[in-house]
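Q: I would like the entire structure built from these sequences, with the hints used as guidance.
Chains as they are written, first to last, in my numbering: chain F, 1 to 211; chain U, 1 to 211; chain Y, 1 to 332; chain W, 1 to 332.
Just so you know, the hints here were simulated from the structure itself, not pulled from any lab data. Because the structure is a prediction, the values reported are computed rather than measured. Do not take every clue at face value.
What the hints assert, rightly or not - DSSO-like cross-link-like pairs, simulated, lysine-lysine; straight-line CA separation at most 27 Å:
#1 Y/K202 <-> Y/K228
#2 W/K2 <-> Y/K228
#3 Y/K2 <-> F/K32
#4 U/K180 <-> U/K32
#5 W/K228 <-> U/K32
#6 U/K180 <-> Y/K202
#7 Y/K202 <-> Y/K2
Claimed, not checked - If you want the footprint, here are the derived chain Y segments under chain U, 3+ residues with CB under 8 Å:
#8 72 to 81
#9 252 to 264
Even glycine gets a Cβ: it sits at the ideal position worked out from N, Cα and C.
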Amino acid sequence: MSIDASRIGAAIGRAAGAVQTLEQELNQADAKLGDGDTGSMLARVVGAMAQSGAADATDVSDAFGKLARAGMSATGSSLGTLISGAFLSLSKQTKGRATVDWSDLSRLLAIVLDGMIARGGASLGDKTVLDSVHALVLALADVSDGAQAATAARVSANDALHRYRDLPCRMGRAKFFGDKSVGLDDPGMLACAKLVDAVAGAETEFANITT
Amino acid sequence: MSIDASRIGAAIGRAAGAVQTLEQELNQADAKLGDGDTGSMLARVVGAMAQSGAADATDVSDAFGKLARAGMSATGSSLGTLISGAFLSLSKQTKGRATVDWSDLSRLLAIVLDGMIARGGASLGDKTVLDSVHALVLALADVSDGAQAATAARVSANDALHRYRDLPCRMGRAKFFGDKSVGLDDPGMLACAKLVDAVAGAETEFANITT
Amino acid sequence: MKKLINDPAHYVDEALDGLTLAFPSLVRDGAAGRVIRRTHPASRGKVGIATGGGFGHLPLFAGYVGCGLVDTCSVGNVFEGPNVDSCIEAIRLADGGRGVLRLYGNYGGDRMNFDMAGEMLEDEGIACTTVLGTDDIASGGPDQPARRRGVAGLIYAYKAAGAAARSGSDLDEVTRIAAKAVAATRTIGVGLAACRLPSAAKPSFDLGDDEIEMGIGIHGEPGIWRDKLRPADMIADEMVERLLADLPPAAGGEVSVLMNGLGATPMEELLILYRRVRAQLQGAGLTIVAPLVGNYVTSMEMQGASLSIFHLDAELKALLAAPADCPFWRVG
Amino acid sequence: MKKLINDPAHYVDEALDGLTLAFPSLVRDGAAGRVIRRTHPASRGKVGIATGGGFGHLPLFAGYVGCGLVDTCSVGNVFEGPNVDSCIEAIRLADGGRGVLRLYGNYGGDRMNFDMAGEMLEDEGIACTTVLGTDDIASGGPDQPARRRGVAGLIYAYKAAGAAARSGSDLDEVTRIAAKAVAATRTIGVGLAACRLPSAAKPSFDLGDDEIEMGIGIHGEPGIWRDKLRPADMIADEMVERLLADLPPAAGGEVSVLMNGLGATPMEELLILYRRVRAQLQGAGLTIVAPLVGNYVTSMEMQGASLSIFHLDAELKALLAAPADCPFWRVG
Ligand SMILES: Nc1ncnc2c1ncn2[C@@H]1O[C@H](COP(=O)(O)OP(=O)(O)O)[C@@H](O)[C@H]1O
Ligand SMILES: Nc1ncnc2c1ncn2[C@@H]1O[C@H](COP(=O)(O)OP(=O)(O)O)[C@@H](O)[C@H]1O
Ligand SMILES: [Mg+2]
Ligand SMILES: [Mg+2]
Ligand SMILES: [Mg+2]
Ligand SMILES: [Mg+2]
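A: Here it is in C-alpha cells:
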C-alpha cells in the first residue's frame with residue numbers, strides 16, 4: 001500500500017486531533033526563548049489544513065497543495081511558513097502522481113529540506129525543525145512499507161529531539177543567548193516529534209516508543 | 001501651665017513621629033473606599049509642619065500660622081486642607097496671644113469646626129473627621145489642665161471612631177455606596193484618634209485607653 | 001507591582017520635568033514649579049482657563065494645556081488636590097485680562113483649594129468663575145449631580161470651553177459652554193487591576209485574578225458591582241446601556257465617544273471595545289462624531305477602561321471640531 | 001492576567017475593525033482584510049512603502065500607515081508574521097508605479113513571507129526592494145547586524161523613508177534612506193512584567209515580583225541580565241550607556257530619542273526615565289532633536305520600556321522634520 005490523498009487527509013486529521021492537546025505545552029516551550037506562540041499557531045494551522053479537503057484531492061500533488069495553501073493563509077510565522085513551504089515542495093515534486101511509495105519519502109523530504117534551508121536561512125545543526133527533518137530523511141531512506149516508515153519516523157524524530165536537547169540553539173535571537181537554550185527542547189523539534197508520533201501512531205504496531 | 005508655642009512645637013513633633021508608623025495603616029484604611037493616600041499625605045504634611053519652626057514662634061498665633069502655611073504648601077488633599085485650615089483658624093483666633101489656656105481649647109475648636117464645615121461642605125454625622133473634632137469640642141468643654149485635656153481628647157476621639165465604625169459614610173462618593181462603609185473606619189477619624197493619642201500621650205498619666 | 005521610579009518623594013517633580021522636557025510647548029511655573037502653563041501664553045484679551053488636580057492621571061490634567069484647550073494647570077501630589085498656592089498661581093497665569101474660568105474635577109480637596117485661591121485673589125480683581133467636571137455616573141445618582149466626580153469626560157469640557165475662549169467669547173459665555181459640556185457628558189469606568197501609589201506598600205485595592213469591577217472610580221474607588229471577568233462585548237454593552245440610561249435632558253442624535261485606557265490596558269483591547277461600543281450606539285440610533293480611543297485620562301498603571309459619551313448639539317459639535325493643539329490631543 | 005477581549009480567534013480582526021472605525025484615515029483591504037492601507041492612497045508616481053508584521057504591537061505596525069510614513073501594512077496573527085497573501089496584497093496596494101520598498105522588522109516568518117510575495121509578484125513587474133529593521137542591540141552583537149531584530153526604532157526608518165518617498169525620490173533613493181535610518185538606530189528594552197497571548201493559558205514569561213530583565217525582546221525573549229528592580233535613573237543610565245557603547249560609524253552630535261512604553265507602563269514613568277536619559281545624553285555631548293515619549297511600539301500589556309536613539313546627520317534630521325500624519329504620530 002502506498003500513500004494516496006485519502007491517507008494524507010487521514011494523517012492530517014490525526015495531527016489536528018493531537019495538536020489541540022499539545023497547544024499549551026508547545027506555547028510554553030516556545031516562551032522559554034521565543035515568543036510563546038508555536039502551539040497556538042500550530043493548532044490553528046494544522047486545524048486549517050485538516051479542513052482543506054486534502055482527503056478528497058484528485059491526487060497526492062493536489063492533496064499536498066491543499067495543505068500548503070491552507071497553511072499559508074493561516075499564518076506567516078516562521079515554523080508555519082516552513083511547513084506550508086514543505087507541502088508546497090511535496091506538491092510540486094509529486095505533480096501528476098496519484099500515489100507515492102513509502103520508499104520515495106526520504107528522497108522527497110531531502111528536497112523539502114533543501115527548500116527549507118534556502119527559505120529560512122538556517123543551517124543543519126542549528127537546533128531547529130530542520131534537524132528533525134534531516135533525521136527523518138536519514139531514517140526513511142530504507143523503508144519499504146507504512147509500518148516501517150512509521151516506526152522509523154517516530155524513533156528518529158524523538159531521537160533528534162533528545163540528541164539536541166543539551167546542545168545550544170544557534171538560530172535567530174537564541175544564538176546570541178545560545179547557552180540559555182541548553183537543556184531546553186526547541187519548540188519546532190518538539191512539535192515535530194509529537195506530531196510524527198500522533199500521525200504515525202496508526203501506521204505501526206510498535207506502541208512503546210521511548211519519549 | 002497653659003499652651004504656648006514650644007508646647008505646640010513639641011506636640012507636632014510627637015505627631016510627626018507617630019505618623020511614620022501609621023502611614024501604611026492609614027493608606028489602607030483610605031484604600032477601602034477612597035484613593036488610599038491618607039497616610040502618605042499625612043506623613044508628608046505632619047512632617048512638613050514639624051519642620052516649620054513652630055516651637056520657636058513668637059506666640060501661639062504665630063505657631064499655629066506656621067503649621068497652617070506648612071500644611072497648605074504640602075498638600076491640596078481634602079483632609080490636609082481641612083487640617084491646615086483648622087490651624088489657620090486657630091492662628092486667627094489667637095492673634096496676639098502668647099499662650100492659650102486649656103479651658104479655651106473647646107471654644108477655639110468649636111470655631112475651627114464651623115470653618116471646616118463651611119469649607120468642606122460636609123455635615124456632622126457624615127462620618128468624617130468633623131465628627132471627631134465635634135467629639136473633641138464636647139469632651140474638652142470642662143477641662144482645666146493639660147492632663148485632663150489629654151485624657152478627655154484621647155477618650156473622645158477613640159470613642160467617636162468606635163461609635164461611627166458601624167454607621168454608613170454619608171460623604172462624597174462613599175455616600176452612594178454608604179453600606180459598603182459600614183464596619184470600616186473612616187480614615188480621617190482613624191487618623192484623628194491615632195494622632196490625638198500620640199500627641200496627648202505625653203500630657204497624661206492615663207496610659208491604658210481602650211482601643 | 002513594580003514601578004520604574006526613583007524616590008517616591010520626587011515622583012511628581014521628576015515626571016513634571018520629563019513632561020516639560022519632552023513637550024516644549026509646556027513649561028513649569030509657580031514658586032514650587034507646580035503650575036504647568038503654555039510656553040507661549042495666549043495673547044492678552046482671551047478668557048483664561050485654569051485647571052488643576054492630583055497627579056497620576058496623565059495626560060490629564062497638565063497634558064491638556066495648549067492652544068484651544070486650557071491655559072494653566074496646578075499640579076498636586078499623587079491623588080491629592082493641588083495646593084492653594086499653585087491654584088493661585090494657575091489662576092494668575094491664566095489671566096489675560098478678561099477673567100478666568102476654573103475648570104476641574106469635582107473632588108473635595110481640589111474644590112477647597114481653588115475656592116480659597118479665588119478668595120485670596122479677590123483683591124487682585126481677577127474675575128473668576130467655576131465649573132466642576134461631574135461626568136462619572138457611578139459616583140452619584142442622576143438626582144445627585146453634585147456628588148458625581150469628574151473623570152475622563154472632563155477633556156470634552158476642556159475642548160468646548162477652550163474653543164469658546166479661543167474664539168473670543170467672554171467669561172460668562174465660556175463658563176456657560178463649559179457647564180453645558182459637563183452637563184452633556186457621561187462616563188463609566190471598569191477596573192481590572194489596581195494601581196499602587198508610589199509611597200504605598202500595596203496596591204490600593206485587590207481584585208481577584210478573574211475579577212473586574214464595573215463603575216470603578218479613577219482612583220479605584222468601589223463601583224457598582226464586582227464579579228468575574230466577562231467578554232469585552234458584554235462589558236461594552238453594559239457600559240453603553242448604563243450611559244444611555246442616564247441621558248442628559250437635551251440629548252440629540254450625535255455623540256462623541258472617548259474609549260479611554262486607564263493606564264495599563266493595551267490599545268488592541270480599547271479598539272475591540274470601541275468597535276462594539278460603536279455598533280451599540282449606532283443600534284441606538286446615535287451617530288458618532290470624532291471618536292477618541294487611547295490613554296487620555298489614566299490612573300498610573302491601573303488596568304481597565306472608561307467610556308465617555310459627549311452628547312452633541314450643533315454648538316458643541318462645532319466647538320469639538322475647532323482647532324486645538326496640546327501634546328496629547330490635536331484637532332485640525 | 002486579565003484581558004478585555006472576546007474569542008481569542010477573533011482578536012486580531014476585531015481590533016483591526018476597531019482601528020479602522022476609530023481612525024478613518026485607515027481602511028482594511030485584501031481578501032482576508034489583513035492589509036491596512038491609507039483610505040486616500042498617495043497619488044500615483046510616488047514610491048510605495050509596504051510594511052507588515054505580527055499583531056500585538058500597536059501602534060506598530062499598522063498604525064503608521066499614513067501620509068509621509070508607510071502606505072500599506074500586512075497584518076499577521078499575534079506575534080506571527082503576515083501571511084504571504086497579505087504581503088502580496090500589501091505590496092500591490094502600495095505600488096504607485098515607481099516600485100515598492102518592503103520595510104519591516106527582521107524576523108524569520110516576516111522575511112520568508114515578504115520574500116515569497118516578492119517572488120510571486122515578479123511577473124507583475126513591480127520593482128521591489130527590502131530593508132529590514134535591526135535596531136535591537138540585545139539580539140545580536142555589533143558584528144552580527146543580520147541577527148538583530150527590529151523593534152521600536154523601526155518607526156524612525158518609516159519616518160525617514162516615508163519623507164523621502166513623499167518628496168518624490170525614486171526607489172533606490174528611498175531604499176538608501178531606509179537602510180541609512182536603520183543603520184543609525186539603536187534600541188534596548190527593559191521588561192518588568194510579561195504579556196499573555198490571547199490564546200495562551202499563561203504569560204509568556206515569569207519575572208519575580210521584584211525582578212526586571214534588561215535587554216528583553218519585544219515578545220519577551222530573554223535579555224542580557226535579569227535581576228532585582230533598580231531605581232529608574234540607574235536603569236536609564238544603563239540603557240544609555242549600552243546604546244552609546246554601540247555607536248553607528250557615522251554618529252554625529254545630534255540624536256532623536258524614543259522613550260517608548262511597552263504597553264502597561266504609565267506615562268509618568270516614561271517621563272521620569274526620559275528626564276534622566278536626556279541628562280545623560282546631554283552629558284555625553286549629544287543634542288536631542290524631536291524626542292518622542294509614549295506608547296509607540298508595544299507588546300500588548302507588557303510592562304517595561306524601550307529606549308531608541310536615532311543618530312542624525314543633516315539629511316536624516318531634515319527627513320525627521322518633514323510633515324507626516326498618521327493616527328499615532330503627526331509631524332508639522
Ligand atoms: N529560519 C528557520 N529555519 C528553520 N527553522 C526555523 C526557523 N525559524 C524558526 N524555525 C523553527 O520554528 C520554531 C519556532 O516556530 P514559531 O514559534 O512558530 O515561530 P516564530 O519565531 O515566528 O514565533 C523554532 O523552534 C524552529 O524549530
Ligand atoms: N469635605 C469634607 N469634609 C470633612 N471631612 C472630609 C471631607 N473630605 C474628606 N474628609 C476627611 O478626609 C478623609 C480623607 O482624606 P484624604 O484621603 O487625605 O483625602 P482625599 O479624599 O483628598 O484623598 C476622610 O476620611 C474624611 O474624614
Ligand atoms: Mg514563536
Ligand atoms: Mg484619600
Ligand atoms: Mg486623594
Ligand atoms: Mg511568533
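Q: All the hints need checking, so say for each whether the structure fits it.
A: Here is what the structure says about each hint:
no. : hint              : result
1   : Y/K202 <-> Y/K228 : holds, 22 Å
2   : W/K2 <-> Y/K228   : holds, 10 Å
3   : Y/K2 <-> F/K32    : holds, 22 Å
4   : U/K180 <-> U/K32  : holds, 9 Å
5   : W/K228 <-> U/K32  : violated, 30 Å
6   : U/K180 <-> Y/K202 : holds, 21 Å
7   : Y/K202 <-> Y/K2   : holds, 11 Å
8   : 72 to 81          : holds (count 7)
9   : 252 to 264        : violated (count 0)
In this structure, the hints that do not hold are numbers 5 and 9, in rising order.
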